[in-house]
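Asker: Sequence:
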Amino acid sequence: MARTIARFGPPLALMALIFFLSAQPDLSSGLGSWDLVLRKLAHMTEYGVLFLLWWRALCPEHG
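Residue numbers (this note's numbering): 1 to 63.
Simulated restraints, written as ranges between beta carbons of each label pair:
1) L12 <-> L38: 22 to 28 Å
2) S33 <-> P60: 38 to 44 Å
3) E61 <-> G9: 16 to 22 Å
Calculated from the structure, these hints are not laboratory results. We treat Cβ as the ideally placed atom computed from N, Cα and C, and that holds for glycine.
Using the sequences and the hints given, assemble the complete structure.
Answerer: See below:
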(Lines of atoms letter the chains of each structure in order from A and count residues from 1; the text may use other names and numbers.)
(Lines give C-alpha, C1' and ligand atoms only; values in the text may rest on other atoms or scores of the structure.)
Protein backbone atom coordinates (compact mmCIF):
# COMPACT_ATOMS: atom_id res chain seq x y z
CA MET A 1 0.00 0.00 0.00
CA ALA A 2 2.75 2.47 0.92
CA ARG A 3 4.55 1.60 -2.29
CA THR A 4 1.44 2.40 -4.34
CA ILE A 5 1.05 5.74 -2.60
CA ALA A 6 4.72 6.53 -3.18
CA ARG A 7 4.31 5.79 -6.90
CA PHE A 8 0.93 7.39 -7.60
CA GLY A 9 0.88 10.15 -4.98
CA PRO A 10 3.28 12.60 -6.67
CA PRO A 11 1.58 12.70 -10.09
CA LEU A 12 -1.85 12.97 -8.48
CA ALA A 13 -0.64 15.76 -6.18
CA LEU A 14 0.81 17.66 -9.15
CA MET A 15 -2.47 17.22 -11.03
CA ALA A 16 -4.33 18.64 -8.01
CA LEU A 17 -1.95 21.61 -7.91
CA ILE A 18 -2.44 22.24 -11.64
CA PHE A 19 -6.22 22.07 -11.18
CA PHE A 20 -6.10 24.46 -8.21
CA LEU A 21 -3.91 27.01 -9.99
CA SER A 22 -5.99 26.76 -13.18
CA ALA A 23 -9.09 27.68 -11.18
CA GLN A 24 -7.58 30.99 -10.02
CA PRO A 25 -9.20 33.94 -11.83
CA ASP A 26 -6.05 36.04 -12.32
CA LEU A 27 -2.44 35.14 -11.66
CA SER A 28 -0.77 37.84 -13.75
CA SER A 29 2.75 38.66 -12.68
CA GLY A 30 2.88 42.17 -14.08
CA LEU A 31 5.96 41.42 -16.17
CA GLY A 32 4.46 42.61 -19.43
CA SER A 33 5.62 40.70 -22.51
CA TRP A 34 7.80 38.42 -20.36
CA ASP A 35 4.63 37.15 -18.72
CA LEU A 36 3.62 35.22 -21.85
CA VAL A 37 7.07 33.68 -22.31
CA LEU A 38 7.38 32.67 -18.66
CA ARG A 39 3.88 31.18 -18.62
CA LYS A 40 4.62 29.07 -21.71
CA LEU A 41 7.91 27.85 -20.20
CA ALA A 42 6.15 27.07 -16.93
CA HIS A 43 3.47 25.06 -18.75
CA MET A 44 6.04 23.05 -20.71
CA THR A 45 8.01 22.37 -17.53
CA GLU A 46 5.04 21.36 -15.39
CA TYR A 47 3.62 19.01 -18.00
CA GLY A 48 7.08 17.55 -18.63
CA VAL A 49 7.43 16.84 -14.91
CA LEU A 50 3.91 15.38 -14.87
CA PHE A 51 4.86 13.07 -17.76
CA LEU A 52 7.97 11.89 -15.90
CA LEU A 53 6.01 11.29 -12.70
CA TRP A 54 3.39 9.23 -14.54
CA TRP A 55 6.11 7.30 -16.35
CA ARG A 56 7.73 6.51 -12.99
CA ALA A 57 4.35 5.46 -11.57
CA LEU A 58 3.25 3.27 -14.48
CA CYS A 59 6.63 1.83 -15.54
CA PRO A 60 8.60 1.38 -12.30
CA GLU A 61 11.22 -0.78 -14.04
CA HIS A 62 12.24 2.28 -16.13
CA GLY A 63 12.18 4.91 -13.42
